[in-house]
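Asker: As a plain string of letters, each chain reads:
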Amino acid sequence: MSTLFPQWMNALPGAVAVGLGAAGVGVIGGVWYYFTPSYWEVGYMPEQPVAFSHQIHAGQLGMDCRYCHTNVEDSSHANVPDTATCINCHAGDDELGGYFNIDLWEAHKVNQNLVKVRTAYAEEKPIQWRRIHKVPDYAHFNHAVHLNAGVSCYSCHGRIDQMEVVYQKESLSMGWCLECHREPEKYLVDVDGVLDPENPVRITDLATVEKLLNSPDQRERGLKLVETKQLQPPEHCAACHY
Amino acid sequence: MSKLDQCPSSKKQGLPVDKASGPRERSHATGKTYWRSLDDLAQTSEFKEFLHREFPANASELLSGSRRDFLKIMGASVALAGAATMPGCRRPDHKIIAYNRKPEEIIHGKPLFYATSRRRPNGGVDLLLAETFEGRPTKLEGNPLDYASGGALTMHAQASVLDLYDPDRSPDIIEKMAESRGTPFSVRRWSEFTEFAGSHFAQFDETRGRGLSFLVEKVSSPSRDRLRDAIRTRWPEAKWLPYSATENASSIDGTAIAFGAPKDVEYDLSRADVIVSLDCDFLGGESTLEGLRGYGRNRIREGANGREARDTRMSRIYTADSQMSLTGGQSDHRLNVHVDAVGAVAIALAEAVLNHPNLRGQMRTAGAGLRSALEQARSQAIDLTEVAHAADWAKWAADDLIKNRGRSVVMPGRSQPASVHALAAAINHLLDNDTETVKYRPMSRDLRASSVDSVRSVVEDARAGALTTLVTIGANPVFTAPADLNFAEAVAQVPVRIHLGDADETAEAATWFLGRTHFLEEWNDAEAPNGTRSITQPMIKPLYDYHSDLELLAAILGESNPDGYAVVRDTMEQTLRPRSMDNAFRRALHDGIVPETRETVQADPIVSPRWSQIASAIAASASSFRTDPDRIDVLMLPDPHVLDGQFANNGWLQELPGAVTKVSWSNPAIVNMATAKKLRLRTGKKLVKPQYSHTDVMEIEHEGRTVRCPIWVMPGVPDNQVIVCFGQGRRVAGRIGEGTGYDLYPIRTTGSMSVARGVKAGRARGVRPELIPNTQDHWVMEGRDIVRDVDLEAWKRHGDMELLSEKEIKKLKKDAYGNYREVEDIKFANRLGMESHTPVNRDSYRQKQMHSYMQLVRDESTNDMVPKRDARGRIVGIENDHGKRIQQWGMSIDLTSCIGCGACTVACQAENNIPIVGPKEVAKGREMQWIRVDRYFGTGSENPLGDPDPQFFTMPVPCVHCENAPCEVVCPVNATVHGPEGTNNMAYNRCIGTRYCSNNCPYKVRRFNYFDYGTKQFRGGFGQLGEPLEGLPEHVPDALKPASEHFIPPRLREKKIEVSTLQYNPHVTVRSRGLMEKCTYCIQRVNAARVETKIADLEIIPDGFFQVACEQACPTGAIVFGDIYDYTDYRQEDGTTREGSRVSLARNSQRSYALLAYLNTRPRTTYQIRVHNPNPAWIEELAASGDSAATDRLHRWEEPFHHGEDHSADHSDDHSNDHGEEHAAAKRFALPILDANGVEIA
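These protein sequence lines are chains A and B, in that order.
Heads up: the first sequence runs through residues 1 to 242, numbered per the numbering used here.
Heads up: the second sequence runs through residues 1 to 1242, numbered per the numbering used here.
Because the hints were derived from the structure by calculation, they are not lab data.
Any given hint could be a false lead.
[Stated by the list, open to error] List of simulated lysine to aspartate or glutamate pairs, EDC-like, C-alpha gap at most 20 Å:
| no. | chain 1 | residue 1 | chain 2 | residue 2 |
| --- | --- | --- | --- | --- |
| 1 | B | Lys102 | A | Asp82 |
| 2 | A | Lys125 | B | Glu104 |
| 3 | B | Lys1094 | A | Glu235 |
| 4 | B | Lys1094 | A | Glu227 |
| 5 | B | Lys541 | B | Glu1058 |
| 6 | B | Lys1094 | A | Glu185 |
| 7 | A | Lys224 | B | Asp1097 |
| 8 | B | Lys884 | B | Glu1099 |
| 9 | B | Lys102 | A | Glu73 |
| 10 | B | Lys1094 | A | Glu73 |
| 11 | B | Lys102 | A | Glu124 |
| 12 | A | Lys125 | B | Glu134 |
| 13 | B | Lys110 | A | Asp82 |
| 14 | B | Lys95 | A | Glu185 |
| 15 | B | Lys884 | A | Glu235 |
| 16 | A | Lys169 | B | Glu104 |
| 17 | B | Lys95 | A | Glu47 |
| 18 | A | Lys134 | B | Asp1097 |
| 19 | B | Lys110 | A | Asp74 |
[What the hints assert, rightly or not] Rough simulated footprint, nothing fancy, chain A against chain B, three-plus residues with beta-carbon under 8 Å:
| no. | segment |
| --- | --- |
| 20 | 108-118 |
| 21 | 270-280 |
| 22 | 1076-1089 |
What you are looking at is a predicted structure, and each value in this text was computed from that prediction instead of being measured.
Note that CB positions come from ideal geometry on N, CA and C, so glycine has one too.
Make the full structure from the sequences, and use the hints.
Answerer: Structure, rendered in structure tokens:
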């Protein structure tokens, strides 16, 4: 009488056990890695109605962020500029008059993005930008207080001045917020010149800030800033959730 | 209490009655017992259910029915959930819509404040500060530049912002066609109307305006007056008829009798030390905001520098009260008297004043004629000996008035006839009050017109066919006009009826309905009686094709494109002629007060009232000052919340429980127990099973018209009197107002505008008892000494710590076990309660808690950890890593100045996006208001039910923010936790809705979202079992439609209409179903203030830098909020220095106590005890005549404190050994008494 099951089947329970274990680890690992804001949120790069390039404006032309995002130091919101702000430079309604070179004028006539902006402005129909950075409604973030403490745009938004199309650089998760609130010295720059009154750091100068934050003496400098400015970032719920 | 079912999902309908509950405990300071309602007194099972469970039975049941049903529903909900979550996998695409051209002042994320104003009904102006976010007004506050209101605001003005976003505002201009034209109505544009108006009104040029009438609401607006004059000039025979259903006609007529012309009367309560109210509910709506502010300033003024008690000065209130009003409840001497007998009391009062030996001689001669008339009138009026205490009341009130001549005031109420108002004016003159506290000013033409005459004129003209065009502006006469005029029927005969106003009953009857702008959408102006003028500027463009009354009048005058702005500006230019119009106008808009108009109308010079006219008026009306036990009389008052009906569609005001009745969403007829019994009307749970209070419906017949409304039994109401509030029961109002309450206008006739005498009343046949949503037993707390009060005499004699010797303090500090308590625990208020008698809490947990919010040091003498104190003995708070003090927030509520008006509740609702829940949910105890105002009755007699004259306490209770919070320890997910600044916070995103926290909250201040109250459209109620669901997508088959909203995924639920979400404050999260919420101490305002101060490099947030919403709204200044350990010197308005924040001073006051403090919750919200100011001379006389209650009271002035365990103590005992008795008590419990080192004391 032959055996009902071949010999190799003896190994099956073990293999199944190992396989299930591996699958389990895989599932947990998968959830651990993928079900997080740093996977889902980071890199979100929607197409905007007007292909505005931060790389050209903030990078090449070296415009300060605050030229457009005017209220960022006063308010919780870093406002998206009104269309009129674009028109300050890109009016294009009279002849060469307002422009310094002929190329820019030519560009205005053909560039579809600028046409869109000017049409929106003329028709008084606001441009509907797509929102990239968003914290939930129950979390209240305040730009003003962070900037005044010396947290640069760079720390949350990355090198915007190098982004052709803006994308989300950081996860904006609560754990990520708390990383900084627990060790603020890693992310502070001397915005109002308390350490070196001659050379305060321009908070929107992303390249300098990046260099400073990655330099070996950042921690030391940061601790000094924390001490002088008497900073103690809150870690309790109601600082953000109310 | 033994076998309590603690399970919240139990289906038991009630709980076993606690047989062991003994006689009610009496306060030792006043000898009173305190009770919340008649159910509380009777300890009904219904009351106990509210007491023992945070939410009553059936509050949490989800399902009834078979398992099959359950499976079906579950299947359906799974299917729906699948459909709902599929689109949820995608990241939602959020848009940022930037401005095209950003207005200069707008900063995204920051509110912008504008000064504006609101015309009060019946004249006057509310000066406002409107908070706007990106051009949408969200909250109204008082204008802080206005000294008289101090930045406070009444509930009506606060709630009016909700009307702007009312989804029931009709968006169209509608013309109703004649029946022959085929279509019933058509939608028009404003330009079409102006075209029509241009040609239609031009035809009146020939007839000089004959056949044209304007029925307009009563307001005082210089621009409207100017246009009115233009209309009068152009059409001299047109009729301009001001109308208001809530005007105080007796005051207009009464001042006309006394002075020959109607006068606006202003009572300056901030300087009145004795206030005598003749049925005038000045705290409940018969006074102005400024009046309440003044009252709050003078109600209690404490001394300074350790003499706060000895130097305390208070005003004293005598009230002859027929309504159990808020004023009656706050009074020091309340007389429970039938509305018709108040006149007799007034006569007695006048006589007592006239015959008083200390009356000024000149006055004695002046009033001689009046004296004889009064004597005669007295014989016709009811004999005062028939009214208990009335003669004494009049005698002592007169005595006190004379003593405080010039610093007192007599206020007649709207329920009283004109003759009483005239008599009150005479008394005020006799007392020289018109030099100080009473000011008369001329009344404008519109305001003094008689409303009854106005509607009568319209009706008569319409009947005679003499009226061809009727323009109604603002008013709703079809609903509110006296019933016997048959207004609706009469005006139907007018060919052209133009109505500018809400989409109400009058709009329905109009041929042209024009939507009217809200005052936040229009240019307008307003004027106070004292001349202060303000310009109303629009905060937002009209949401629909709406126009203001000024624009309508201008259009009628022939302008094709009327502009409110131009009208207002022209008015200012023409009437004030400022030197620089542009500057003045800009200043007016900025300040909210037109420059150089502040209090420009001087009070009239003091003139002697017309004695003979007053005398004859009194003589003529004296025969009506009689009551008859066989007669039922109905006193009719405007509804305190919806007024004449104009706020009927305002959910905040409908849901706000009545200040006195605690009834919301209804207007039952108020009777006392005896009258209810006499009319065979029943109340109570037993009437309709299974639960919640139902009462019998009463039928009232008057002059052939009948109304029906349920009753509400209130103590303190006179016999044979029914009190009804008209204004509710609107037929055309919107989803909130329609069908809410009962229309009682049918019994209001031209002959009985305030009292309907001799009505036929009884139980209505053929109707079931009706549900009365009320909150009087909701959130009832279990514990002792919740409300604390004391008489001024006792406070003066015992209030100051300095009055105690070292030895006495030492004795008080030591408990029965030899442990020492802190000096804060032996304050006067604590000695009234039990905190100074319970053993000191020495557990390690308490120390840990204290450590979190104050620095502790070791006391050398006792080896205890005690709070560190500064040189002045004040507790020092904790510091952060940098040695900077962390501010500790706290609130103090003064029960002496709180009048229970409810302005705080509405302010909180507006600030914190608190939803309304509807009458059914309120009945189940699910109302969401974060700050509730508890009402307690206090009675001194052994038989509280029989006490005709209960005292009345109001106590606002928000979350008290315990330092040692019971809610926090039971939350399984740490959703409610403490912040370093001492606030108890809710992290909504963590909350999973177990409701353990509210179960464990002794103050019952937590509110749970059973449904999507905040995000779902309100349709008169929220999803109930077995009720059809609306708003499901069409593709959901009927069989799958779930029976309960709980089974619909949030994404598929019916959303709020967009316009009603515009009111929301963007700085506060809108909560969804299944979340717990509660007072946050307006943490959004705290955080905003902190950011501001950080950016401005200030050390701390200074006191008064911001105000929380309830504090800001409180008209009497009873609520203060701030940093409890802030001892900075602050300069005050009057130039003196205040040593510390207001709240730190209030908390350190000897009057300050914490609610349920013996639970060791260490609340941050504390209360200051209520102080009464009875007339000591009267009490002493009563005691001398052998009155036991008065003797008792006198005794309690000597010894107000808690007496250990013996509650019915015989007060003839020697009390010096009280604390010795406690030692003995401790011994009886056989616990060892330990010293500080833990060694037993022999």
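Asker: Indicate, hint by hint, whether the structure satisfies it.
Answerer: Against the structure, the hints:
1. Lys102/B - Asp82/A: Since the Cα atoms of Lys102/B and Asp82/A sit roughly 6 Å apart, the hinted pair holds (cutoff 20 Å).
2. Lys125/A - Glu104/B: holds (18 Å)
3. Lys1094/B - Glu235/A: holds (17 Å)
4. Lys1094/B - Glu227/A: Between Lys1094/B and Glu227/A the Cα gap is close to 15 Å, so the pair holds against 20 Å.
5. Lys541/B - Glu1058/B: Holds. Lys541/B to Glu1058/B sits at ~17 Å (cutoff 20 Å).
6. Lys1094/B - Glu185/A: Judged against 20 Å, a Cα distance of about 18 Å means the pair holds.
7. Lys224/A - Asp1097/B: Holds: Lys224/A and Asp1097/B sit about 18 Å apart, inside 20 Å.
8. Lys884/B - Glu1099/B: holds (8 Å)
9. Lys102/B - Glu73/A: Holds: Lys102/B and Glu73/A sit about 17 Å apart, inside 20 Å.
10. Lys1094/B - Glu73/A: holds (12 Å)
11. Lys102/B - Glu124/A: holds (11 Å)
12. Lys125/A - Glu134/B: Roughly 17 Å between the alpha carbons, so the hint for Lys125/A and Glu134/B holds.
13. Lys110/B - Asp82/A: Distance ~17 Å between Lys110/B and Asp82/A Cα, so the pair holds.
14. Lys95/B - Glu185/A: Roughly 35 Å between the alpha carbons, so the hint for Lys95/B and Glu185/A is violated.
15. Lys884/B - Glu235/A: Satisfied, since the Cα-Cα distance of roughly 17 Å is no more than 20 Å.
16. Lys169/A - Glu104/B: violated (32 Å)
17. Lys95/B - Glu47/A: Satisfied, since the Cα-Cα distance of roughly 12 Å is no more than 20 Å.
18. Lys134/A - Asp1097/B: Cα-Cα ~29 Å, so violated.
19. Lys110/B - Asp74/A: holds (9 Å)
20. 108-118: As far as the segment 108-118 of chain B goes, the hint holds, because 3 residues have Cβ atoms under 8 Å from chain A.
21. 270-280: violated (count 0)
22. 1076-1089: Result for this restraint: holds, n = 4.
Hints 14, 16, 18 and 21 from the earlier list are contradicted by this structure; the remaining hints agree with it.
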